[in-house]
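Engineer: Required output: the full structure, derived from the provided sequences and hints.
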Amino acid sequence: EGGSGKCFTTVVLGGSAAGVALPPYIVYAAKNINTSWCQQGPSRAMYRCSNKGWITSDLFLDWFENLFLLETAHIPRPLLLLMDNLSAHISIKAIEMAQKNQIILLCLPPNTTHALQPLDVVTFG
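Oh and the sequence shown: position 6 is 6 in UniProt numbering, straight run, nothing missing.
To be clear, the hints were calculated from the coordinates, so they are not data collected in a lab.
Heads up, a few of these hints could be off.
As the list claims (entries may be wrong) - When the alpha-carbon atoms are kept at most 25 Å apart in a straight line, the in silico SDA-like pairs for lysine to any residue are as follows:
1. K93 with M83
2. K100 with V20
3. K31 with L61
4. K93 with L13
5. K100 with P76
6. K52 with Y28
7. K93 with W63
8. K93 with P109
9. K52 with C7
10. K52 with M83
11. K93 with L108
12. K52 with C38
13. K93 with W54
14. K93 with L105
To be verified - DEER-style ranges, computed between Cβ atoms:
15. P76 with N32: 32 to 42 Å
16. F8 with P76: 33 to 43 Å
17. W37 with T112: 29 to 39 Å
18. T9 with N66: 14 to 24 Å
Note that CB positions come from ideal geometry on N, CA and C, so glycine has one too.
Structural biologist: Structure below.
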């Protein structure tokens with residue numbers, strides 16, 4: 001788009017300190033999901049789309065409510081959810097939903113990916 005020829009896809013990944021991975025949440029740059037994109041994908045993965053393939057506040061809420069809360073329902077509360085500082089992660093609705101479900105939201109400071117983001121340092125590094 002914009003002459004760059006680039007299309008983006010976002011994959012939201014998460015896991016516990018015990019090493020249990022959440023199903024991936026995949027956001028394509030499209031108006032609608034093409035079912036062929038989802039065939040043979042990871043088990044229990046969720047597929048969504050946005051104009052640019054980026055996570056939005058609404059998509060974060062969808063991930064939080066329909067993937068994170070469901071996948072962690074069996075774990076005693078409170079829970080700590082570590083996130084990067086993307087503005088889409090923090091909204092009044094997200095904070096209210098977290099409080100209601102005894103989830104503590106903690107955003108890591110900006111520009112600390114190389115040192116503090118556990119998945120970047122341990123899993124992807």
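Engineer: Among the hints numbered above, which are violated by the structure, and what are their numbers in rising order?
Structural biologist: Checked against the structure, no hint fails, so every one of them is satisfied.
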